[in-house]
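Here the protein sequences come in this chain order: A and B.
Be aware that the first sequence starts at -5, since it is given in my numbering, and climbs by one per residue.
Be aware that the second sequence starts at 2, since it is given in my numbering, and climbs by one per residue.
Since the hints were derived computationally from the structure, they do not count as laboratory data.
Ideal Cβ positions, reconstructed from N, Cα and C, are used throughout, including at glycine.
A couple of the hints might just be wrong.
Here are the computed lysine-lysine pairs in the DSSO-like style, where the Cα-Cα straight-line distance is at most 27 Å [what the hints assert, rightly or not]: (1) LYS334/A <-> LYS436/B; (2) LYS267/B <-> LYS361/B; (3) LYS312/B <-> LYS334/A; (4) LYS421/B <-> LYS155/B; (5) LYS111/A <-> LYS334/A; (6) LYS52/A <-> LYS111/A; (7) LYS15/A <-> LYS361/B; (8) LYS15/A <-> LYS52/A; (9) LYS381/A <-> LYS111/A; (10) LYS436/B <-> LYS52/A; (11) LYS421/B <-> LYS436/B; (12) LYS45/B <-> LYS155/B.
Computed footprint of chain B on chain A; a stretch qualifies when at least three of its residues, placed anywhere within it, have a C-beta under 8 Å from a C-beta of chain B [what the hints assert, rightly or not]: (13) 334 to 345; (14) 355 to 367.
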Amino acid sequence: MIQAPPLLQMRGIVKSFPGVKALRGVDLELHSGEVLALLGENGAGKSTLMRILGGAHKADAGSIRIDGREAPFNTPQDSRAAGVAVIYQEFNLVPGLTAVENIFLGRETTRGGLLDKHTERARARELFQRLGADLDLDAPCRCLTTAQQQLVEIAKALAFDARILVMDEPSAALTAHEVGRLFEIIRDLRSQGISIIYISHRLDEVFAMTDRVTVLRDGSNVGDRLTANITRAEMIQLMVGRELTDEFPQRSTIPGPARLEVSGLRRGRAVRDVSFTVGRGEILALTGLVGAGRTETLRLLFGADPREAGEIRLDGRLLNIGSPSDAIAAGIGLLTEDRKTQGLVLAHSVRENFALPNLERLSSQGFVRMRAEREEFARYVEQLQIKIPNQEQRAGNLSGGNQQKVVLAKWLARHCEILIFDEPTRGIDVGAKFEIYRLMNELVAAGKSIIMISSELPEVLGMADRILVMHEGRITGEIADPRSATQEQIMRLAIA
Amino acid sequence: MKPSRLFADYGMVLVLALLCALFSALTFSDQSPTGEAAAIQVAKMLGQGGSRPARVLIATRDQPDDVAYAAALQRLLSAAGSSAPSVSVVRGEPKDARETLQRLAASGERLDVVACTQATGAWLVFSNLQADFPSLGEPRFVTPRSYRWPNFLKSENLLNIANQIAVIAIVAIGVSMVIITGGIDLSVGSLLALSSVLSARLIRDYAGGIAASPAGMLLCCLVAIFACGAVGAFSGAMITRFSIPPFIVTLAMMLVGSGIAYILAKGQSIYQIPESFVWLGRGADFLNVPNAVFLMAVLYGLAHILMSRMKLGRHLYAVGGNSEAARLSGVPVRRVLMFAYIASASLAGLGGVIMASQLKSGSPTYGGMYELYVIAAVVVGGTSLAGGEGRMFGTLAGAFTIAVIQNGMNLTNVESYTQKVVLGLVILGAVLVDKARNTR
């Protein structure tokens, strides 16, 4: 029997960057009308492979065939001509242009030399109808939500009849509800004959959505399986190359009495009268849909935004927090949701990033004590097992997990009593996640208190001592015993 | 520090060295030593002659250089102590030399050495000394020898380059700080003019004009610098409190500053300043190094320490690299920005005072286009306009690159209009080289 050649066939793809061999001869196949999960830890080579498919990088060796015929993939134009659309994690949209303008960017419809806005608009509306979505076509893209921006990206791909759609971590910044919506769209697209390569760290999604799984590790393909024939444990084992007994490390700490008391916190519509307490050695999780006001609440606590009302007490003492420096001085540290734009100065060395909140202590008479700085950072590198070649390494060149550890080191050196973790494991691979969880456990064991914001419900259930659920700026529910709670229980409170 | 890191940080130094080599090669020419340098050379030649001369005649023209030569040579020869020769000096025309020789011959004296300058050595009166004045004996005839050396590399020229760029380089320190925070300061040229006018006018009207005391002048200059600092504080406040882009704020301050300078000066230059005021701009008290250059070196040293070793320096870099991350790490972002703009404006004020001192006047036309030369110096020095990176000595190298190009083209007789074209292209080229180096 002669089988039809696969829609996409990548063979022996090799790609090196200065000092790193990112891909060591990867094979990958994608069949027509299939959703393929591409799995692997950060740094396994998934993104590089997809960048080659998208024409953003050129492979050093290897071939790419479409319908059995070899095709060039040297530029994004080549890739587009072959019917491939790649939606990168950081979207490729011009923030100031509208959805319509973005969709037709670079292949505008013209009539008599002028833009044919009418036709463009009609096509765009048709595309969004096909996606079952309704959004403001005239609003600049920066005013759209992340989910809406993603829809614009998908529409952009459909607009030039892409047959292969690559989605890099499409659910990372979406709420559970929006993820459900995304799945419906993906199923629709598949039924329309479009093949999808789906990259995600969330294994639940992989089981829910995909037909087949390809796992990369250290730049090589280590397994191709049908999703139906693989277990969660096997998947993790393939990804990390060892057996993970538990996703969440055990903790024996019992939370003590309340240390931080927040009452009546308020700012506009985002935060309306929020009160809670956190105990010594407790991990308090704050969850809810994106936009529920979780990050906003903790930004008020940290002094990053001005609050309209509310009192903050630590160990019974009223804190006067008007700026982040005040919060830091009071012993509160914030690990921001977005490490790249808020947590780190990417162009600077990890040592300088580490020292930034600690310069007060690491300097005398205004002069930085360079030796003390280096020695102290070296201690934390050792303690947190941060993998860096040397202290002068640029923070921007590290993997997500190592970046998060550098941020954590910053605050640990500050001896913060209250640590706020905003989405601590976003964009971090399975192995590094486990280490971050372990570190959180060590911190609470040492008597620190942690407030964690997370959209990943398994993480919330697995790590928290207590869960607060927010909806539209208010706390709508408390779950005192997460071990016996379910994801459905949380979702009911979050949708309220 | 590793050599590769050093090159990455200060690659401009290499370009600068290449430029210096180029201009040295282009300006290689005959050098005739004059004045003290010639005297040192001649004294050395006399010392090598074996037996020490007992009687020396120095023949010079009546010109400052020649007078200095004669005086220096006399001093050097008499330094020999007990074996010092008796020296007579002729200053003037060939006729005077002939008279002196005749007088010496008549009195029966002998002469061991006749020391001339290059000009007097060519006088006919010395061309046949033994035949014309046999009674003088067989005097050695010595003139300074000429040698080949690049005009560019003469120490006077190098100091001249440094002195000409000192003002721009000093102003560039502050602008570097502002650019490292991710901002820009367009007002420095106008503030320079404002400071020159303000200091000159204060000296004229309140410190006693031409009879002003040093303390009075110092106070007037400090007031001018302080006033510029206040303008910087205003710009900084606009930028930090109202989030107006630095480009706009400092553009506005550029117009305001220039306007106030014209108003204060009533559109004219102010000259009623004591002669001693030029001490800062023209004096050279220490090892022949002009005072302004000395001040520049000290300020660069301090700025380098601030940026590389101090907490405030770290904060400046962090704010430029990622101001939100810096704020959330507890960096007082507003205060750091305020510092940068106040420093930049104050240093522009200092630049104005130095310029007023160099030119012994204050005028609202000083510092025109300086903001652009200063920004060019910063950028050529490898500082990114995006903020977060850059080195103080890079800026110094950038300023010197501009000065060397201008000076080299002057020495090689390139027309001033052509100079502008070349300078513009060189700035572009320098930044291109920098980009290529960084992406490699």
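Hint by hint, here is what the structure shows:
| no. | hint | verdict |
| --- | --- | --- |
| 1 | LYS334/A <-> LYS436/B | holds (23 Å) |
| 2 | LYS267/B <-> LYS361/B | holds (18 Å) |
| 3 | LYS312/B <-> LYS334/A | holds (23 Å) |
| 4 | LYS421/B <-> LYS155/B | holds (25 Å) |
| 5 | LYS111/A <-> LYS334/A | violated (37 Å) |
| 6 | LYS52/A <-> LYS111/A | violated (35 Å) |
| 7 | LYS15/A <-> LYS361/B | violated (65 Å) |
| 8 | LYS15/A <-> LYS52/A | holds (14 Å) |
| 9 | LYS381/A <-> LYS111/A | violated (52 Å) |
| 10 | LYS436/B <-> LYS52/A | holds (22 Å) |
| 11 | LYS421/B <-> LYS436/B | holds (23 Å) |
| 12 | LYS45/B <-> LYS155/B | holds (21 Å) |
| 13 | 334 to 345 | holds (count 8) |
| 14 | 355 to 367 | holds (count 5) |
Checked against the numbered hints given earlier, the structure breaks hints 5, 6, 7, 9 and satisfies all the rest.
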